[in-house]
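Colleague: Sequence:
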Amino acid sequence: MFQIVKKLKLLKKNLRILNTNHSKTIEDEAKEDRMALHQVQYLLQVNPMDFELQLREKALYQKFRNSSYLDEMHLQQKIKATWIQLGDDNTSYFYSVIKHMKLKQAETQLKNEQGEWEHNPNNIAQLFVEYYEGLLGHTTTSRIHAFMITSKDVKEAIFQIDCNKSPSPDGYGSGFFKAAWPVIGQDISEVVLDFFQNGKLLKLINSTIIALIPKVDAPEYAN
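When we follow the UniProt record's numbering, the leftmost residue of the sequence shown carries the number 1, and every step to the right adds one.
For the record, the hints were derived by calculation from the structure and aren't laboratory data.
Treat the hints with care, since some could be wrong.
With a Cα cut of at most 20 Å, we get these calculated EDC-like pairs of lysine to aspartate or glutamate [stated by the list, open to error]:
| hint | residue 1 | residue 2 |
| --- | --- | --- |
| 1 | K63 | D28 |
| 2 | K155 | E190 |
| 3 | K155 | D187 |
| 4 | K7 | D194 |
| 5 | K9 | D187 |
| 6 | K178 | D153 |
| 7 | K7 | D187 |
| 8 | K155 | D194 |
| 9 | K200 | E190 |
| 10 | K152 | D194 |
| 11 | K203 | D187 |
| 12 | K178 | E190 |
| 13 | K31 | E57 |
| 14 | K178 | D162 |
| 15 | K58 | E32 |
| 16 | K111 | E133 |
| 17 | K58 | D33 |
The following label-pair restraints were derived from C-beta to C-beta distances [unchecked claim]:
| hint | residue 1 | residue 2 | range |
| --- | --- | --- | --- |
| 18 | Q186 | C163 | 15 to 23 Å |
| 19 | W117 | Q186 | 49 to 57 Å |
| 20 | D50 | S151 | 51 to 59 Å |
| 21 | H119 | I4 | 42 to 50 Å |
| 22 | E130 | L202 | 25 to 33 Å |
| 23 | K215 | V5 | 32 to 40 Å |
These numbers were taken from a predicted model, which means no experiment stands behind them.
In this text, a Cβ means the ideal position worked out from N, Cα and C, and glycines have one as well.
Whole structure, please, built from the sequences with the hints as guidance.
Modeller: Next comes the structure, spelled out in structure tokens:
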């Protein structure tokens, strides 16, 4: 289990170097492709019979469609709006939803059990911790159920995860594991099967990011 975590950590460093040296951000690439397409389309309006411009416009259009699609997938992950049909050029909508979500999720004050307002971010965070500890309880070392899990079950479970789901804190999303499954599938399966056999899981694997989304406007209490 520790070996696979170490391998993924080392791979992430190399992927960052590769991205920095040979890739642009998805957003910047989509903007550049859009501008290049507009320029060629303008020239094509002036010379509509130019065959070379027609071919160039067709190639740039396909390139822009691809980069625009990837840009929308990236933004869709941020807002978790999987119900929106990709390819409809919803970039401006995505940005507005992201901005609205950030403003809505920001909590600057909450009341404690005594009904007193807490403004300190650390105290507010502790209120949430205490609330969920009371709701979920504390960790336990006992294992009650026995599971019969196979490598096939592990693969099926991973491939059922939507590729646009937000990645875990280590930066790896389900799309990465699906694409690289012929290479890493055996290692991943062994880690999962090992967990179901001994019930132990490294904190590095079990870590996650919890986003607290208010169900009402201007909440006063953690519950």
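Colleague: What's the verdict on K63 and D28, does the C-alpha distance respect the 20 Å limit or exceed it?
Modeller: holds (13 Å)
Colleague: Given a hinted range of 15 to 23 Å, is it respected by the beta-carbon distance of Q186 and C163?
Modeller: Roughly 21 Å apart at Cβ, these two residues keep to the hinted range, so it holds.
Colleague: Could you grab the alpha-carbon distance between K178 and E190 and see if it respects the 20 Å cut-off?
Modeller: Between K178 and E190 the Cα gap is close to 16 Å, so the pair holds against 20 Å.
Colleague: With the threshold set at 20 Å, check whether the alpha-carbon distance from K31 to E57 stays at or below it.
Modeller: Roughly 16 Å separates the two Cα atoms, so the pair holds.
Colleague: Starting from K155, check that the Cα of D187 is at most 20 Å away, please.
Modeller: Holds. K155 to D187 sits at ~11 Å (cutoff 20 Å).
Colleague: Quick one: are H119 and I4 within 42 to 50 Å, going by C-beta?
Modeller: Holds, at about 43 Å.
Colleague: Honestly, do K215 and V5 meet the 32 to 40 Å range at C-beta?
Modeller: At 35 Å between Cβs, range holds.
Colleague: Taking 25 to 33 Å as the stated bounds, is the beta-carbon spacing between E130 and L202 within them?
Modeller: holds (26 Å)
Colleague: Looking only at beta-carbon atoms, does the pair W117, Q186 fall within the given range of 49 to 57 Å?
Modeller: holds (54 Å)
Colleague: Within a Cα-Cα threshold of 20 Å, do K155 and D194 meet the stated pairing?
Modeller: Holds, because 15 Å separates the two Cα atoms, which is no more than 20 Å.
Colleague: Cβ-Cβ distance between D50 and S151: within 51 to 59 Å?
Modeller: holds (57 Å)
Colleague: What's the verdict on K58 and D33, does the C-alpha distance respect the 20 Å limit or exceed it?
Modeller: holds (12 Å)
Violated hints for the displayed structure: none, as all numbered hints are satisfied.
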